[in-house]
Each structure stands twice: as structure tokens, then as C-alpha cells.
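Residue numbers (this note's numbering), protein chains in the order written: chain A, 1 to 330; chain B, 1 to 95.
These are calculated hints, taken from the structure and not from any lab test.
Incorrect hints may have been included.
Said to hold, decoys possible - Quick list of in silico lysine-lysine cross-link-like pairs, DSSO-like style, CA-CA up to 27 angstroms:
#, chain 1, residue 1, chain 2, residue 2
1, A, K21, B, K68
2, A, K47, B, K68
3, A, K121, A, K21
4, A, K119, A, K242
5, A, K230, B, K78
6, B, K68, A, K228
7, A, K301, A, K242
8, A, K171, A, K242
9, A, K230, A, K47
10, A, K171, B, K68
11, A, K228, A, K242
12, A, K21, A, K230
13, A, K195, A, K47
14, A, K21, A, K80
15, A, K119, A, K47
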Amino acid sequence: MYTQALNTAETDDRGLEDAAKAAQFQTRIDAEERIEPNDWMPAAYRKTLTRQISQHAHSEIVGMLPEGNWITRAPSLRRKAALLAKVQDECGHGLYLYAAAETLGTSREELVDAMLAGKAKYSSIFNYPTLTWADIGTIGWLVDGAAIMNQIPLCRCSYGPYARAMIRVCKEESFHQRQGYEIMLTLCRGSDEQKAMAQDALNRWWWPVLMMFGPPDATSQHSDTSTKWKIKRFSNDELRQKFVDATVPQAQYLGLTIPDPGMIQDADGHWRYSEIDWTEFKQVLAGNGPCNRDRMAARRKAHDEGAWVREAAASYAAKRAQRRTAQAAE
Amino acid sequence: MATPNTPLWEVFIRSRNGLAHKHVGSLHASDATMALQAARDIYTRRGEGLSIWVVPSTAITASDPAEKGMMFEPAESKIYRHPTFYEVPEEVGHM
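Kindly produce the complete structure, drawing on both the sequences and the hints.
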């Protein structure tokens, strides 16, 4: 049930949190029970999830921009149809996630307005530009690959609506990664220029993709409580390592070089990567990445230019409702 | 200016012939026609359905999860509603 009507009744006890209720809540979490929208939950759990799910939704929507950039210039009709379907999926993912976030009591309109006002964040990866067609391949292969790594454990998240949304998203995400890898494979089997284009895209995306998993465990501010509440099942560094171990052989198959000369395979088979430049990550998060301003401007423009559509649909619905009431009165 | 709210709808999909409609999620739309079209685009991009229902979320009355103990107690305490409550001799065979 996604209806929010019952949630308003709970507003009252958000302030004074009942220790017994909180303990009971943690017992349910520990027993792997799923928490549903109308169940009692600590205010901080609600707040954390609203932030996380809405940021995730904003990321899906903003993520349409770098790829949308290449729809009209895809090299063939097959590639164009696939890219169009992928971008449409990203929009769908955004909508599933907004619906999940809304069950916590904040409306989609409020969440979107917070993003447009610059008060809510989205994934920093989408603040990088897509300069060549190879970037579309790299995004599918690596950005979607990293997203899958992050999202699979979220299918078991303690909050029911989020977990269910993630199951749908993960099913669709696999197509995205495979279409990306196929683009890379085609480029790598092509001319020297095409292969160089693929290598260049990998060089530019590699480090930003590793940053997608978030700050190192030692400095991550949200991890402890998220782990206790089973919102998060693996730490940032664990997921990052899993991703690197899965990706290195894929890059080797393509004949591409990961732009990390210090990378070595340890005795356990794990690929150890060099230090990540977290100052770049902080800069991009702070709004100083290559495309932050472009992305926000594009979202605001789309929202403003869509205002008349929302107004027209609302007044049409109001007119019809009024006519029905008048007919009923006759 | 804050964006005005658009009504919320619950979406139910019949995935295969012979199965019941099942809740799949929710969406926003200003009227029923647009809700159906949006449900088609959001929830059935890969052949997930043969039929869609959309219901205004405000039309749904839900039981209160906090009361679930009392609400469902009658079902818990009547074991004689189950076939295994009754003894049938083995010689009688499957019944």
C-alpha cells in the first residue's frame, strides 16, 4: 500500500520518541522484517531514507541528460533505439523511486522543488560531460555497472517500498550494462581511432566511477546508523573493491588499459587500486564539477517549460469533475 | 513558487491471463485517462501486463498495522477451520 493518508496521523509522536517503540523497531529490523509506510519508525530512519531515496531518484532523472546528449547522434538506428529505451528506463527508475520516497510522507513535488532549488543532491557522476560516442558505451558499462553493484544489496533494504523499487530497477539495469559493453566491444574491434576513443573515455570515467561508491569507510558520515537499520548491507569500500575486481577482467578482454599504473593484484586475487583523489569528489559535490551548472539549468528549464502542461492537465481534470457534478445534480 | 501537487494513483496489473490484478506501485496524474497512459509507460515497458487498473490513492481505506494483532486474532485462534484439525483413519485413504 503506497497511500500516505495514514502517515499524517503519526506526525505527533515524531518529536518525543518512545524508547520502547524504538527498541521494538530495532527488534523487527534485526529479525529481517520489512518496514512498511504506515508502520512506526524513528524520525531519523524516515529522514535518512527520504534523503537517500530522493537523491537516488534525482540521480536517475539528471542521469538522463548526459546520455540524452547522444540520442540524435547515435551511429546507427539500432544504437539509437537502444539508447532511447535506456534513457526512458532511467526516467522510469526515477519515478519508481519518487513513489517510494513519497511513502515516507514528503510529496514528489516538494522533493523535486528541493532538487531544483539546489537543496538536494544527485550523484556526482552526472556532472561529467559525454564528449564522444565512446562515453555512452563507458557509462553503460561502468556507471551502470557500479550502480548495479550498489543497488543489488538495496533489494534487501529494510524499507519495503525502496527494496521493491530496487528489484524492478535491477532487472532493467542489466540491459543497460550489456548494451554499454557491446558499444565498447565494437569500438575496440574497430579502427585504431575507434579504439583510442574507447581508451580515452575509460581514462576520463575510471576515477569518477570509483568515487560513485562514496567516501572511504573511515570518513563516511552516514554508514553506522544505515548499517544498524539494514538500509546498507555493505560498506562503500567493500562495494568499490567488488566492482574493481569484476571490472578489471572485462577491461582486459576489451584490450583497454585501466588508467591506474599502480594497480596490482594481491595474493587473494583482489585488484588493489591507487589512492583516490577525494578533493576532486568534494569539488564536484560542492557544485564545481565540469557540468553542475549545465545540469541544473537543464532541469530547471525542463521544469519551467513543462509548467503549462501541468496546468492544462489540472484545469482539464477540474473542468471534467465540475461537469460530472453538474450532470449529477440535474 | 512551489509546484502544485498532482493526485496520486495506485496501479494494479494483470500480468497473465488467468491471474488477478496485483499492486505494482503508484504514480501521479491529473485524471484517470492520463493515469492509465502513465501506468502503461512506467510499469509495462517489457510486456509485464495484459490489463491495468488505476485507483485514486485517496479511495483506499487501509487497516492500521498497529492494530494487526487484534484485527487478525480471530483467524489465529480457530484451528478447527483447517482440514488438518480433523482425524481421518489411514484406511479411508486420501480425502
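Taking the hints in turn, this is what the structure says about them:
1. The straight-line distance between the Cα atoms of K21 (chain A) and K68 (chain B) is roughly 16 angstroms, inside the 27 angstroms bound, and the hint therefore holds.
2. Proximity of K47 (chain A) to K68 (chain B) is assessed by CA-CA distance (about 25 angstroms); at most 27 angstroms being required, the pair is judged to hold.
3. For a cut-off of 27 angstroms, the pair hint linking K121 (chain A) to K21 (chain A) is broken: about 31 angstroms separates their Cα positions.
4. A hinted pair counts as satisfied when its Cα atoms are at most 27 angstroms apart, and K119 (chain A) with K242 (chain A) does not qualify at roughly 32 angstroms.
5. Taken as a hint, the K230 (chain A) and K78 (chain B) pair is broken in the structure, with Cα atoms around 36 angstroms apart against an allowance of 27 angstroms.
6. Simply put, K68 (chain B) and K228 (chain A) have alpha-carbon atoms about 26 angstroms apart, close enough for the 27 angstroms limit, and the pair holds.
7. About 38 angstroms separates the Cα atoms of K301 (chain A) and K242 (chain A), which puts this hinted pair outside 27 angstroms; it is violated.
8. Taking the CA atoms of K171 (chain A) and K242 (chain A), the gap is about 20 angstroms. The hint holds against a cut of 27 angstroms.
9. A hinted pair counts as satisfied when its Cα atoms are at most 27 angstroms apart, and K230 (chain A) with K47 (chain A) qualifies at roughly 15 angstroms.
10. Straight-line distance between C-alpha atoms of K171 (chain A) and K68 (chain B) comes to about 33 angstroms, which puts the hinted pair past the 27 angstroms bound.
11. Only pairs whose Cα atoms come within 27 angstroms are accepted, and K228 (chain A) paired with K242 (chain A) is accepted, the gap being roughly 22 angstroms.
12. Under the criterion of a C-alpha separation no larger than 27 angstroms, the hint pairing K21 (chain A) with K230 (chain A) is consistent with the structure, at around 17 angstroms.
13. For the hint linking K195 (chain A) to K47 (chain A), the alpha-carbon distance of about 46 angstroms lies beyond 27 angstroms, and the restraint is violated.
14. At roughly 53 angstroms between alpha-carbon atoms, K21 (chain A) and K80 (chain A) are farther apart than 27 angstroms, so this suggested pair is violated.
15. Of the supplied pair hints, the one linking K119 (chain A) and K47 (chain A) holds, its CA atoms being roughly 15 angstroms apart against a limit of 27 angstroms.
The structure fails hints 3, 4, 5, 7, 10, 13 and 14 (numbered hints given earlier, in ascending order).
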